[in-house]
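Taking the hints into account, I'd like the entire structure generated from these sequences.
There are 2 protein chains.
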Amino acid sequence: MNTYTPRLARLIEALRKLPGVGPKSAQRMAFHLLDRDRQGARNLATALGEALDAIGRCPGCRMFCEDQACRYCTPARGASGLLCVVESPADLMAIEAASAYRGRYFVLMGRLSPLDGVGPEELGLSVLQEVLDGGQIQEMIVATNPTVEGEATAYYLAEIGKAAGVRVSRIAHGIPMGGELEYVDGGTLAHALSGRTPV
Amino acid sequence: MNTYTPRLARLIEALRKLPGVGPKSAQRMAFHLLDRDRQGARNLATALGEALDAIGRCPGCRMFCEDQACRYCTPARGASGLLCVVESPADLMAIEAASAYRGRYFVLMGRLSPLDGVGPEELGLSVLQEVLDGGQIQEMIVATNPTVEGEATAYYLAEIGKAAGVRVSRIAHGIPMGGELEYVDGGTLAHALSGRTPV
Chain U
1 MNTYTPRLAR LIEALRKLPG VGPKSAQRMA FHLLDRDRQG ARNLATALGE ALDAIGRCPG
61 CRMFCEDQAC RYCTPARGAS GLLCVVESPA DLMAIEAASA YRGRYFVLMG RLSPLDGVGP
121 EELGLSVLQE VLDGGQIQEM IVATNPTVEG EATAYYLAEI GKAAGVRVSR IAHGIPMGGE
181 LEYVDGGTLA HALSGRTPV
Chain Z
200 MNTYTPRLAR LIEALRKLPG VGPKSAQRMA FHLLDRDRQG ARNLATALGE ALDAIGRCPG
260 CRMFCEDQAC RYCTPARGAS GLLCVVESPA DLMAIEAASA YRGRYFVLMG RLSPLDGVGP
320 EELGLSVLQE VLDGGQIQEM IVATNPTVEG EATAYYLAEI GKAAGVRVSR IAHGIPMGGE
380 LEYVDGGTLA HALSGRTPV
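One line per chain: the protein sequences are U and Z, in this order. Residues in the first sequence are numbered consecutively from 1, following the numbering used here. Residues in the second sequence are numbered consecutively from 200, following the numbering used here.
I should point out that these hints are in silico values taken from the structure, not numbers from a laboratory. Be a bit skeptical, because a hint or two may be false.
What the hints assert, rightly or not - BS3-like cross-link-like pairs, simulated, lysine-lysine; straight-line CA separation at most 25 Å:
#1 U/Lys17 with Z/Lys216
#2 Z/Lys223 with U/Lys17
#3 Z/Lys216 with U/Lys24
Below is the structure:
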């Protein structure tokens, strides 16, 4: 379809770059913004510009950070002696929102995936090495996802942690709360059985 | 959750204003843009700004229009003597893409809905009246959606058209192409039967 006017076409093309947005959704978004929410569109443009200018990466934990002092690398969190390694900023947010964990974090921004060209350098493991060598961390909690690549990454991280003389733990995998054994997939059930804990 | 940094929170809030985007999707979009597609984010901000500045409404057909001359109000289209009335810009695009119709359009930007405070003024029916009184239009094709409100709008439009001495037609409703009678809903089937055409 080349029936869009040039600027409308550019707007729809730019909206399609958002994750999960196809041509139909992009058209709907563009028409909605132009027809009913011009102020919202203006706010979005401003918010995008400000976020791009201000938000960078914390050099210590690789989380998004817009101030001089990263809110996840405070001395209080460091004093806990805990470091939680996650794959993405969304994982960090989920842990922060759901649990009472208030230690430090390290965000890999991905997982080991040689086929996609993601190796230890892309995940910033040299930065992680420095953090571990700093001597403040006593326990590293590996909270990568229980996928094939996530497990491989966890294994690799465990080796690094052990080499640095740090206790390494993995978050528990098993039946989700409220789940029913009857409907849980076989892999999870097998994992839950082999990973049983004494009561 | 007030764990977002201020600019990140503003960006996620602005993304939530897009249709069909909830808090989780907005967070995912924000993280994707900041982490992997900063150029895309920059383009989106620019495209939004340019579109807002340049795109207005055509005074003749109420479609989005960014040039002096609306591409749907050309003399060639006017010469066809046809006017197609649709509810939204997306409907216009769909007709333009799927059919050989090359007459004029009129975009209501909504439908009659007294409960929502949408009356004839909000739909720009005085502009439509002027177009019909212009004398160039011989047939008005009412292509509102076959919903309760769309049908009420169609009835109202038909009255206006007849009063202006213009032939009024309604797009056909019935079994969709490739649809099977067995699986079509009762309302559509009844409509298709009562609206049968001689062969």
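We went through each hint and held it up to the structure:
1. U/Lys17 with Z/Lys216: holds, 17 Å
2. Z/Lys223 with U/Lys17: holds, 17 Å
3. Z/Lys216 with U/Lys24: At roughly 17 Å apart (the allowed maximum being 25 Å), U/Lys24 and Z/Lys216 satisfy the hint.
In terms of the numbered hints stated before, the structure departs from none.
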